[in-house]
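K.L.:
Following the hints, complete the assembly by docking chain Z onto the known chain V.
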Amino acid sequence: MVEWTDAERKAIIGLWGKIDVGEIGPQALSRLLIVYPWGQRYFKAFGDLSTNAAIMGNPKVAQHGKTVMGGLENAVKNLDNIKQTYAKLSAMHSEKLHVDPDNFRVLAECISLCVAAKFGPSVFTAEFGPSVFTAEVQEAWQKFLSVVVSALGRQYH
Amino acid sequence: MLSKKEKDLIKEIWERLTPVAAEIGADALLRMFASYPGTKTYFSHLDISPNSSHLLSHGKKIVLAIAEGAQDISQLTVTLAPLQTLHAYQLRVDPRNFKLLSHSMLVSLACYLGDEFTPVAHAAMDKYLSAFAAVLAEKYR
Numbered sequence: 001m002v003e004w005t006d007a008e009r010k011a012i013i014g015l016w017g018k019i020d021v022g023e024i025g026p027q028a029l030s031r032l033l034i035v036y037p038w039g040q041r042y043f044k045a046f047g048d049l050s051t052n053a054a055i056m057g058n059p060k061v062a063q064h065g066k067t068v069m070g071g072l073e074n075a076v077k078n079l080d081n082i083k084q085t086y087a088k089l090s091a092m093h094s095e096k097l098h099v100d101p102d103n104f105r106v107l108a109e110c111i112s113l114c115v116a117a118k119f120g121p122s123v124f125t126a127e128f129g130p131s132v133f134t135a136e137v138q139e140a141w142q143k144f145l146s147v148v149v150s151a152l153g154r155q156y157h
Numbered sequence: 001m002l003s004k005k006e007k008d009l010i011k012e013i014w015e016r017l018t019p020v021a022a023e024i025g026a027d028a029l030l031r032m033f034a035s036y037p038g039t040k041t042y043f044s045h046l047d048i049s050p051n052s053s054h055l056l057s058h059g060k061k062i063v064l065a066i067a068e069g070a071q072d073i074s075q076l077t078v079t080l081a082p083l084q085t086l087h088a089y090q091l092r093v094d095p096r097n098f099k100l101l102s103h104s105m106l107v108s109l110a111c112y113l114g115d116e117f118t119p120v121a122h123a124a125m126d127k128y129l130s131a132f133a134a135v136l137a138e139k140y141r
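Line order of the protein sequences matches chains V and Z. If you're matching positions, the first sequence starts at 1 in UniProt numbering and goes up one per residue. If you're matching positions, the second sequence starts at 1 in UniProt numbering and goes up one per residue.
Chain V with its partners taken away, still in its complex shape:
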């Protein structure tokens, strides 16, 4: 069982409330496909991924990014039962999609970086007011994502 402190729960739910799934999702998936191009092996049916511009403008990538990011909603709503919540998705990624589970970790990193770029800047400039993505919030958020990543890989055999 994952133990969440009150501060961590607050940070995760607070940050999730600010995140626009339709914005961060597509950004994160595009970054995965650009920064780790071997990830494209799972998206042969998505059409043109030949250039960064193609990836960033690809509507299937955007839609899928949104879907994946939206899936985190279930995890946020079920912080104390993430493993069970993702059991079916995990089995599907293993048996149907055959996705190397290391990609979940990589996508999680991309998500964190997109969130940092969006919510982090005020860490360095006081004029934007108190920063949202502090080291403490980052810790809680990354812990959350690592639990999701672990749950997604759980049913592989």
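Don't take each hint at face value.
Claimed, not checked - Derived DMTMM-like pairs: lysine to aspartate or glutamate, alpha-carbon spacing no greater than 25 Å straight-line:
(1) K40(Z) to E8(V)
(2) K40(Z) to D6(V)
(3) K99(Z) to D100(V)
(4) K40(Z) to E136(V)
(5) K143(V) to D126(Z)
(6) K18(V) to D115(Z)
As the list claims (entries may be wrong) - To spell it out: a stretch of chain V is covered by chain Z in this simulated footprint if at least three of its residues, at any positions, have a beta carbon under 8 Å from a beta carbon of chain Z; those stretches are:
(7) 25 to 34
(8) 66 to 76
(9) 86 to 96
I should point out that these hints are in silico values taken from the structure, not numbers from a laboratory. Positions of the beta carbon are idealized from the N, C-alpha and C atoms, including for glycine.
P.N.:
Below, chain Z alone, put in the same frame as chain V:
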């Protein structure tokens, strides 16, 4: 593999960050300590609380080393030779931790650069920091 464009971009970004090296470095270290508490074990001899002078000076050292390497990436093995020896024979930081600092550094960069932390910049930085870490670990065994 880094293209010429990527090398120029990396060089340009790190040049720009040099004046705020202490802030960026301290931020990256703080984030690493918060997210990966095991990394704190290497710093029991320093005061690594937020805004401590140790944290700022150590963060500055790290960022300046990364910035120096960025000046001529093709010469990384030469530039990093002294640091290679230091890490391999004295500090003996488990090189798996380099990945953790690299990720934390990318988060700090994303926070500092915001929109300018484009996918292209992200890819270039990730590749550079991976190369830097690999060279740093070369003398370990």
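K.L.:
Determine for every hint whether it applies to the structure shown.
P.N.:
For each hint, the structure was consulted:
1. K40(Z) to E8(V): At roughly 20 Å apart (the allowed maximum being 25 Å), E8(V) and K40(Z) satisfy the hint.
2. K40(Z) to D6(V): holds (23 Å)
3. K99(Z) to D100(V): Since the Cα atoms of K99(Z) and D100(V) sit roughly 20 Å apart, the hinted pair holds (cutoff 25 Å).
4. K40(Z) to E136(V): holds (15 Å)
5. K143(V) to D126(Z): At roughly 21 Å apart (the allowed maximum being 25 Å), D126(Z) and K143(V) satisfy the hint.
6. K18(V) to D115(Z): Since the Cα atoms of K18(V) and D115(Z) sit roughly 17 Å apart, the hinted pair holds (cutoff 25 Å).
7. 25 to 34: holds (count 3)
8. 66 to 76: violated (count 0)
9. 86 to 96: violated (count 0)
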